[in-house]
Structures are given as C-alpha cells and as structure tokens.
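Taken in sequence, the protein lines are chains A, B and C. The working numbering puts the first residue of the first sequence at 1, with every later residue one more than the last. The working numbering puts the first residue of the second sequence at 1, with every later residue one more than the last. The working numbering puts the first residue of the third sequence at 1, with every later residue one more than the last.
Wrong hints could be hidden among the right ones.
Simulated pairs of lysine-lysine, DSS-like, Cα-Cα distance not exceeding 27 angstroms [unchecked claim]:
1. A:LYS55 to C:LYS563
2. C:LYS568 to A:LYS55
3. A:LYS51 to C:LYS592
4. C:LYS632 to A:LYS51
5. C:LYS561 to A:LYS51
6. A:LYS288 to C:LYS158
7. C:LYS563 to C:LYS158
No lab work stands behind these hints, which were simulated from the structure alone.
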Amino acid sequence: MSAIDFLLIILQMFLVLGLSPLIVGVIRRVKAHMQCRHGANVFQPYSDLAKLFRKEPVISTTASWIFPATPYILFSSTLAASLLVPTIIAPMPLNFAGNIIALVYLLALGTFFLMLAGLDSGSAFGGMGSSREAIVASLTEPALILSLFAVALTAGSANISAIVYKTAILQGIVLDPPPHLMALVALFIITLAETGRVPVDNPATHLELTMIHEAMILEYSGRYLALVEWAAGMKLMIFLTLLVNIFAPWGIATTLSPSALGLGVLVFVGKVVGLAVVIGVFECMFAKLRLFRVTELLGAAFILSLLALVFFYILRV
Amino acid sequence: MPTLPVNIGSYLVNLCSALLLLTCFAIVAQRRLMACVDLFALQSGFLAVTATLVAYLTGIHHIYLAAILTIAIKAIILPRILKKIVRQLNVQREVSMYVNIPTGLLICGGLVILAFFITQPIVHLGFLLTQDSLAIALAIVLIGFFIMVSRQKAVTQVIGFLVMENGLFLAATAAAYGMPLMVELGIFFDVLVAGLIVGIYTHQIQETFGSVDTSRMKALKE
Amino acid sequence: MTTILFLALLLAYACGMLLPLCFPSRPHIQNVIAHGSASVACSLGIALGLIGLLASEPLVWFWSSSIPLLTFSLRLDSLSAFFVLTISLVGLAVSVFASGYVQEFYGRIPVSLLGFLYNGFLLSMLLVVTADNAFFFLIVWELMSLLSYFLVVSEHEKPDVRFAGLFYLIMTHVGTAFILVTFLMFYQETGSFAFEAFRSADQALPEGLRTLVFWTALIGFGTKAGIVPLHVWLPYAHPAAPSHVSALMSGVMIKTAIYGLLRVYFDFLGGPFPWWWGFVVLLVGTVSALLGVMYALMEHDLKSLLAFHSVENIGIILLGIGTGMVFYAYDMPHLAALGIIAGLYHTINHAVFKALLFMGAGSLLYATHTRNMEEYGGLLRRMPWTGLFFLIGAVSISALPPTNGFVSEWLVFQGLFLSLELPSLFLKLMLPIAAALLALTGALALACFVKAFGISFLALPRSPHARKAQEVPVPMRVGMGILAGLCLVLGLAPAVVVPLLDRVSEPFAGISIAGRMFEMGGWTLAPVSGEFSSLSTPVLAIILVGLTGLGWGLAYVLGGKGKTRFYKTWGCGLNVTARMEYTATGFVQPIKRVFSTIYQPTVKLETEFLEESHYFAKQRHFEFSIEPIFLKYLYHPILKFFSTLADRSRVIQGGNLSLYLAYIFVTLVVLLVVMG
C-alpha cells in the first residue's frame, strides 16, 4: 500500500468523522422547519459532542466491563465499516479488505455489543430497546444483503468500490433501470430502519412506548454517550453514502488527480446533504409505525430486493 | 419511424412495466382503501405511459387512443366512482385479512417468479421490444387475482379485478402490440360498466349486511 | 513412523479406557489418568491429522480378521485426516476441561466408567472417519452411537435423561438402518465391502440406484447430523449428557455425518450427478439453518439452546456443500471446490466454537447447578474468564468479524452469490434467496446470542444460585481458553487454513484452487478473483484495534482525563432489582410474535381476581408453549400408525406353544418352497 493510499484512507476517515454530525444537524434542522419551529443551528451536534466529551460519565454499579467497552467497539466497528464504502473516490484503497457482506457484518458487530450494553445496566428500558433492536435488525439484514447483492449483480462484483466505480464510468450492465429502481427503494426503507428513522424508530423521543435505539443507550452519559452518538451519526452517513454512491455515483473521483478529488468532495457533500434533507422531509410526512407494523415495511423491502434480483435475471434485453 | 434507439426504448418500456408491478405490491401492502384507489389510479397512469411508449416505438397509432382511454377511464373516472363508494360506505381500511401483509407480499413475490418461469418458453416467440413485459403482465394478473382472493372488503376485491384487467391490457400491448381497436373499445366499455355495476352491488351488500365484508355473505347459505 | 504414531494413539486411548479401572474408588486418580491419556491421544491425533493432510499419498493400515467380510482396514486420506484433526483438536481442549468438570461427579457417578466411555467414544469417532471397509465402518459407527448413548444416560436417575437417551437410541438406529441400506446397495453392485471397491464402482451403479443411494445416505447420515426434520432427538440428547460430552457430541460427533455424506457423494458416487441433488442438499441446509435458529431463540435452557444451534450450523455447512454439489453437477470445478471448502471451514469452526460454548454452559452448570437461563444473571463479574471465553464463542457463532465463524459464513455467501455463473435460471434465483435466508439466520443467531450472553452474564443475578456462583477451576478455564484462542486464530489465518482445506477438496473437485484464493501475498482471501469480492480479516482486525485506539484517544483529547462516577441504575425512583430486568422470555417476545406462523404459540393466562373487585388481580398464572411442528405433524402420526399396527398384530400372539411351533413350521415350509 502506497503513501497516497494511506493518505486517502486518513482523508476518508476524517471526512466521515467530521461530516457525520453535520448530517444529523441538517436532518434536525429540516424537521424543525417542517414543523414550523426555528430549530437549532446545523452545527449544533458538534457542540453537543464537545460538551458530552467534557462531562463526567456515570456508570451503573450493576454494569460489567461490557458497558464501558461497548462505545469504543461500536465507534471502531462503525468507522471501520465506513472505510469500506467509497465516498469521494472509487475504488477505495481499502477495497480489498471486505465486500458487502463484511460491511453488513461489521455493522452487526457494533449492534451486537450495543444490544448487550442495553441489557447490562439492569434497567428494563435497556432490555426493551435491545429486544426491539433484535427484531428490527433480524428483519433488515436479509433485505440489506439481498438488495446489495442485486446491485452487485449489475456490476458483476460484490465489492462496493467496484460497484460504485463501474456505475460511475457506466461500465457493465449498469444501465438497467428496474433492478436499480427496486433496490433503491428497498435500500431506502432499510436505511430508515437501520438508522432508527421515523416510520421505524423515533430518534427524538424518550417515550418508552416508541423508542428503540434511544432505549438501548439510555444509561450512557459523558464521553461514552458522545462516542455512541457519533457512531450513530456515522452509521447514518454510511447508509446515505451507499444510497447516493451506488445509485448515483456520478461526480465521484475515478482518478487520482487533485481536481477530480476536489470535485469529488464537493459533489459528495452536496449529494449527502441533499439526501439528508430528503430524509428529514420524509420523516415529517409519516407517523411512527407500531413495532409489529414495522415487519410489513421491512417485508416490503425484502420483496423489493427479491424483485430486483428477479428483474436482473429476467429482463435481459 | 421512431427516433429513439430501440435499445433505450425497451429500457423505458421495461422500467414502466416494473413500475406497474411495483404499484401492485404497494396495493397488496396497503390497508387504507383510499390509498388503494389512488395507487390503482397511479398504476393506470403508468399503464397509459407504457402504451404511449409502445405506440411511439412501433408507430401503431390506435394504441395512442387506448392510452388516452386508459387515462380517462381507469385513472380518472373509475377511481372517482370508487372513492365515492368508499366515502358513502364509510369504510376506511381493511381491518382483517385472510393473509397478513408480509405473508401476502411473500406470496406475491413467489407469483412473480412463477410468472417468469411460465412465460419463459413463449417470450422467444414474441416481439423483441416488449417480450419481457409479458411476464410482468402475467404477474400483475396473478397478483390482481390474489388481491381478490385475500381481501374481504368488496371495494378491494374490485380493485383486484381492475388490477387484473390492467395486467391483461399490458399483456395485449406487450405480446401483440395491442388488440384490434374495436375489441379494445369494447373492453373499456365493459370495464366502465363493470365499475358501475360493482358500485351498485357493493351498495346493495352494504344495505343488506351492514358491511361490505364479503365474508358475511356466508350467511346467504342458510 | 506414522504407524508407530497411530499405534501410540491407540495405546493412549486404551490406557485411558482401562487403567482407571485399576484404581477403584480413587476418583481423582481415575480422572487424571482417563483425561490425561485422552489429552495425549488427542495430541497424537493432531499430529496424525496434520501428517495425513500434508501427505501426498493416503496412509493405509490393514489387519485381516477371521470373520468373513470384515477386515480392519484403515485409510487416512486428506478428508479423513481433516476430520481426525478436527476431532483431536476439540478432543484435546475438551479433555483438559473434563479433568476439572468431572470433579462434579465424584461420588455420584463412577469416574472410571465415565473415563472408559469417554475415551472409547473419542476413539470410535476416530475410527469412523478412518475406516476403509463398510462392515468395519458400520461396527465403529454403531459403537460410537452406543458409547454416546451410555454417556448421554450417565445421569440416568433423572427421568428426562432416560427419555432423551431412549429417543436418541431409536433415532440413531433408524439412521444406521439407512446407512446399512446404502452400503448394501454398493455391496450388491460390487460384491465387496471394501471402500476401495465402492470408489472404483462409480460408474457401475445404475442411475436409479444412484438416486436411491443419494436419498438413503442423506436420511441415514442426516439423522446423525440433525438435519430438519430428522433433528428431533438432538435437542433432547445433547443437553442431557454431561457437558464435556455434549461438547463432543455437538462439536464433533455430528460432523462424522458430514464426513459420511462427503465420502458417499463425492468419493463413492463421484462422476457427474444431477443438479437437483445439490439443490435438495441446499434446501435441507436452508431449512435446517432457519428452523434451528428459530427454535433456539425460544429455548431458555442454555444447553438446549446450544443444541438447536447445532442444527442451525449443520444447515450452514450443508449450504456450503450443497453449493459445491450444484457447481459440481454443472462441471464448474473451481466453484465446486469453493463450496466444499466453505462447508469444511464451517465444519471445523463450528466444532471449535460449539464445543467452547458447551464447555461454557458446563461451567455455568458447575457454578450454579441450573441450566435455566432465567436463573443466571450477573455472572460476568463473578466468573470473568468463563464470561470472556463464552463471549468469544458467542461472537464467533454469530459470525461477527474478525472471528472464525465470520470467515466461513463469508465463504458460504460467496459460493451462493457466484450462482450468477450458473446456466440454470432457476438456480440463479434460488441461490441468492438461500443467501438472504442465511442472512436472516445469521441475524437471528446474533439475537439469540445477545440473549444467551446478556441474560446469563450481564446485569444483576436473578437467583441465589447465580449470586453464589464462583469462577470454575483452572483446568476448565484452560480448556475453554484453548478453543477461544482457536476461534481467533482460525478467523485471522484463513491463509493457513484454506490451503489445508484445499487439499481435502482437491481429489473431489479435481482441481486445486488454493493458489487462486489469495491476493496480496496471502493477506486477502479472494475466491475465484479479487475482482468479484475479497476479504481480509487480519487487516480488518488491525483496523478495528487501531480505531478503538483512535476512539479512546479522541475521548482523551476532547474530554481530558476526567473521572468516572459509579452509581446505581435509575429505576424510576425504586431500587433496581433482578425482578425488574428484562427476562429471556421477554427478550424474544417480539420475535415470537413476528414469526408466530412458525412457532404456533399457545399462551394461557389465568387471572384470579380479588373477591371484592374485578379490577384487582390476586394472582396470575402465565403459561406459554410453542408447538414443535415436526413432532406434531410428522412424528406423532408415524408413532400412531405404528402403535395401531402393533395393536393389530397382537392377534398372532396366541400364547399357545404349539401355535408358535406351527409358525416356525409354516415358515420353514414356505422358505423351502421359495428357495427350492
């Protein structure tokens, strides 16, 4: 691996780290606007993180070492997953380290420990959050893998970088609308479910009837909470990146020239922020679904990814 | 002759057929009757677009007429009638179904695969442009039938029937580049009349049983 | 050299079996000798396995006997060597563990007997995977079944253990009957019981017979492997045995069935076979994986939960092998080898982590004397080592990177995804669906192990047993530690493991693909081509560790050193007690509800109200059970049929001696007529 590759990895890491709170801020701001509130500055999440890092954390006396270890594991596994997804340049230098399966399972590693941490404090809220997360995660994972595979087929590769690269330079069977369309809708639903957005979970509430992710992390405070929140932001960013770069990668740098990279950064930030706005608007248009109705939504996502596959094989012109 | 390359043209036809199929799934996944009607209207709209595309690409002009009629009857008039019925009957949503929604979706997914395998031997006989749409059309017919079977409210059953009709129309357009004009006109007239009759019929059921739940009609046995 | 090694191994097992019997009523000495010799024998087995894997020619031993048709012929080719290696690796760790665990039984069960059976069981498994003669194979197979049966019923004073043992005995004999039929069909065609003859007869078998062999082998070996719907005995028998034996049964005994399947399908039948064979195996694998994990989720007895997970993992192994068979049928040797390698990789991985988890469950049983998860809780603080090892096992079985379970499941996924190379449209669609169901299985397994670890080890102790629990003795910890280390090694070093597995698959697929599986000097696993997909667990592990450091550094830089306050959990104004915690039942409630079609749950809630008012309940009784659909719709009807049949046939039992003599006479006459 050359020095440039290494620099690119560092650049991508800081991009993800630096941009993810902004995405969260944008979505909050859009929601506030839609609800006729003034809303906080889009840079508010940065201040929140800085504040949380400085606060004294409280750890339950019931908890074991799993509880304080989880934020670090979650942070590192999510950030590692983000390094597999090309943001401003394709192919990514870390392309070789893992394909779509590795991405999904790296994210699952974080979820696994987060669910454990939810149970660790002994509070019923945490257990409830873990239990709900278990069912949502179980139902999204097959749909996620199938939808990513359907897209992988059109590119003839299961490496994310290769998919993005081939779509960006219009190589292979990328110009096949039905599979892409279906996979896009499926992946959008999955994004909402995986990142705890409105029809599935409500990130802005602490009501025990509705919360999933918030219930799991209820006992966290201080720097642990900061890491968990940051990781949640990065996960959101990973899914937004997948959506924009798999289905509309145009603008991403495919060569190593400074101008291409610069353009890549600009286009990427523009696209991700744009999609964040869409998600914010989308969240305001729907009410949160009852937990047992979420299965219908996720079932639909699964069927859509299945159809994407069917269409790929059968609609050969 | 069409200026659009045939290749791009068939992509577009495929895309539209795919959208048609997607709306079918949306109807299966939808409980609210009003939304079902809206989705049906949307589906008819896509159907009209498909027909227009085929007409444009093949240069067969009477398909344009069919497209216009589709818009008029299936996307505007019939949905209005249905909505009126829904409003009059005051049934907003399908409360109980014979098959729950995720299972229903899975079954429909299976139906699509089945449709593709059934049509596989015959697509090679069809025209190059729209051969894949035939499978989708069959899938839509099957899903329409499934909607009729799995739902209890008369209105959704009617929608199932209309979805089937949409599928048949797509099949006609796809496999044969449209039927003779007279046949098409006849079918549209039939559909319209069917819509009206069904409107009256549901009204009668409502008056007799106090509900449009067709499962109550079991009571007629005695 | 190898012969000496092999004889030494036999000697060590013989010592382990017989020497303890010379020290009556000295349980500690018996224990040390039995498990010490087993450890030595297993170490020798590891060496033998490695030699066998690396040898270019199969090693053969041969002793003829005076019994017709029976020869004690053993053959150690790469497939056998792989299984010898797996059995011995797990056997070594389990033997070390057992030397601590067996102390539990001092005074209750004769340790010498336990040691005799234990060593015999290990030896019989080794002979099963090395036997080179059908007759001899059947004898050692039966021996393995019987010895494991005796081990299952070691605690025979408990009625449910006796039931489990009987159930196991019946099912395993049904399986053996099918295997017997399989071999008899070969015998009929080749006139010999030697495997060598079966092997060379690959084309001699007529098409119909080949199909029949496919089915009988699938049913026969499938019963032992625990494929759905033949799995019903497994969740009873495996938990009933002492934990170290459960570890062996679940970890390696069921793998002998995988060995049998591979041997019969690829080695004996060989040649091109129809694609639907592979499809049937895939289907069985998918169904087993999914149903196994689903029933495991509902199980709150830790050992039963693990037993159901064995059904799941056998399913995953079969998914790998089934993919291999499909590709083999279409004459795509590279991909066939990939499928077989994935299956074998998961075989050794499952052996390692399942044995580890069963030992963990054994440790919990040792410390708390209960198997019910709802009575555990808070054990991580009391048993930190056991907890850590169990966690590693749980992470591995949930297939999370960078552990071994992840690598093999990843390979299985690649095999399923590469279905895009297949000519058949049907399979092109079905294999990705199997992949999606595998993903569902993986996610449910993850949920299940969050439950198993979270409820058992975290939060507050839920019973006095758990409160008084103490860390287990050192040998038990060492046993678990060996396998926990192996979980990580097998995950991080596919570059070492895959070339070894390639030697196993090479004779079957007819091609060696190890050279094409790696890129970047062995750092990256890239089946077929890095263009399609690649994985590098070492790099992922380095990144994970590095980024954890980064997270820690960030927290330090942005937040300063800071100090942490410890305080009790907020319980809405009350003190949090174990009764407020989420239970295992509660944890899986949403899953139970979503998949109620499969579980067919029955919930009974009886409320007794106060006499004064119907708004206040005096006490409530809640009961819930799930319907094992296969027992209800498959086994019960069969049982009913046979008991009716038995009732009917009672007529011939007249009780009169002359009547019985008449039966014999008639039979004799009929036979004479028929034979004459």
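Of all the hints given earlier, name the ones this structure violates by number, lowest first.
3, 4, 6 and 7
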